[in-house]
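Colleague: Residues per chain are reported as follows:
Number of protein chains: 2
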Amino acid sequence: MAEDVGILVLGHGSSKPYNKEMVEKCAELIGRSHDGPVKIAFLNMDEPNIAAGLESFAGSGVKTIVALPIFLAHGVHTLEDIPTELSVDPTLRRGSCKLNGSEVEIRCAEPLGVDDSIAALAYRRASEALR
Amino acid sequence: MAEDVGILVLGHGSSKPYNKEMVEKCAELIGRSHDGPVKIAFLNMDEPNIAAGLESFAGSGVKTIVALPIFLAHGVHTLEDIPTELSVDPTLRRGSCKLNGSEVEIRCAEPLGVDDSIAALAYRRASEALR
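Chains S and W, in that order, are what the protein sequence lines are.
Counting in the working numbering, the first sequence runs without a single skipped number right up to 141 at its last residue.
Counting in the working numbering, the second sequence runs without a single skipped number right up to 141 at its last residue.
Heads up, some of the hints might be wrong.
Restraint ranges, calculated between C-beta atoms of paired labels, are given here [claimed, not checked]:
id: 1; chain 1: S; residue 1: E57; chain 2: W; residue 2: G111; range: 49 to 57 Å
id: 2; chain 1: S; residue 1: N59; chain 2: W; residue 2: S70; range: 40 to 48 Å
id: 3; chain 1: W; residue 1: A68; chain 2: S; residue 2: R42; range: 23 to 31 Å
id: 4; chain 1: W; residue 1: A12; chain 2: S; residue 2: E57; range: 42 to 50 Å
id: 5; chain 1: S; residue 1: N59; chain 2: W; residue 2: K73; range: 41 to 49 Å
id: 6; chain 1: S; residue 1: A68; chain 2: W; residue 2: S70; range: 51 to 59 Å
id: 7; chain 1: S; residue 1: D45; chain 2: W; residue 2: D45; range: 38 to 46 Å
id: 8; chain 1: S; residue 1: K108; chain 2: W; residue 2: P27; range: 34 to 42 Å
id: 9; chain 1: W; residue 1: G69; chain 2: S; residue 2: A62; range: 52 to 60 Å
Calculated directly from the structure, the hints in this document are not laboratory data.
Just so you know, even glycine gets a beta-carbon here, dropped at the ideal spot from N, CA and C.
Working from the sequences, and respecting the hints, build out all of it.
Modeller: Here is the structure:
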């Protein structure tokens with residue numbers, strides 16, 4: 011994707027450090043593929059929160075921010091809480107915000123969902139448990 | 011893995027149908043690779059619960075059940091709640107149960123964790139959001 015597209019990688023957040031570590035590492039891996047800025051934010055418990063995550067793109071020159079939930083499936087968090095925090099229409103799943111006085115488009119990506127790669131990784135974890 | 015190994019695919023559960031649908035589909039895909047029985051159970055809200063999920067292996071002849079959390083990262087659910095529900099030691103992450111009077115070993119698998127395949131799938135979801 012173009013370098014004027016920012017990706018805001020969104021995690022659930024947790025009282026333990028593992029969700030944040032996973033989201034940070036995932037954002038790092040995504041950053042290896044993506045030419046634009048990649049930032050992180052969390053819905054609960056961890057920092058930065060979503061508002062601060064959006065603000066972190068200020069000065070980057072992005073014209074669009076894709077809010078990318080690192081969630082396995084849709085649920086209340088992806089369908090209601092994240093759009094609300096982003097102030098975007100939960101049905102359209104897109105909207106805009108102002109950063110440094112410029113209008114920036116926001117798009118909500120779908121969660122990971124079912125994919126052969128997820129099933130293959132899960133089966134690998136099952137195999138590892140027998141060692 | 012051998013056909014006397016059962017896999018209990020564990021989901022978080024949700025008030026919406028999407029988590030259950032994702033777990034069911036994931037279990038179906040895992041079942042295409044695995045020779046033994048594959049069942050599902052949920053921690054919250056959806057059925058069957060974990061106790062009923064274990065019971066669903068009765069009569070299958072499995073000697074080991076791998077509890078496989080379809081979670082992205084460790085947290086309270088994978089480290090505490092799931093071992094508690096399975097009545098296995100949360101540190102050893104293994105134990106046993108009785109099914110039809112026979113002792114069956116239980117092993118807790120690790121969550122999916124960070125993997126290139128997860129990052130690649132997430133980046134694909136970000137790209138799709140721009141269409």
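Colleague: Determine for every hint whether it applies to the structure shown.
Modeller: Evaluation of the provided hints:
no., hint, in the structure
1, E57(S) <-> G111(W): 49 to 57 Å, "holds (52 Å)"
2, N59(S) <-> S70(W): 40 to 48 Å, "holds (46 Å)"
3, A68(W) <-> R42(S): 23 to 31 Å, "violated (47 Å)"
4, A12(W) <-> E57(S): 42 to 50 Å, "holds (45 Å)"
5, N59(S) <-> K73(W): 41 to 49 Å, "holds (47 Å)"
6, A68(S) <-> S70(W): 51 to 59 Å, "holds (57 Å)"
7, D45(S) <-> D45(W): 38 to 46 Å, "holds (44 Å)"
8, K108(S) <-> P27(W): 34 to 42 Å, "holds (36 Å)"
9, G69(W) <-> A62(S): 52 to 60 Å, "holds (54 Å)"
Taken one by one, the earlier hints fail for this structure only at number 3.
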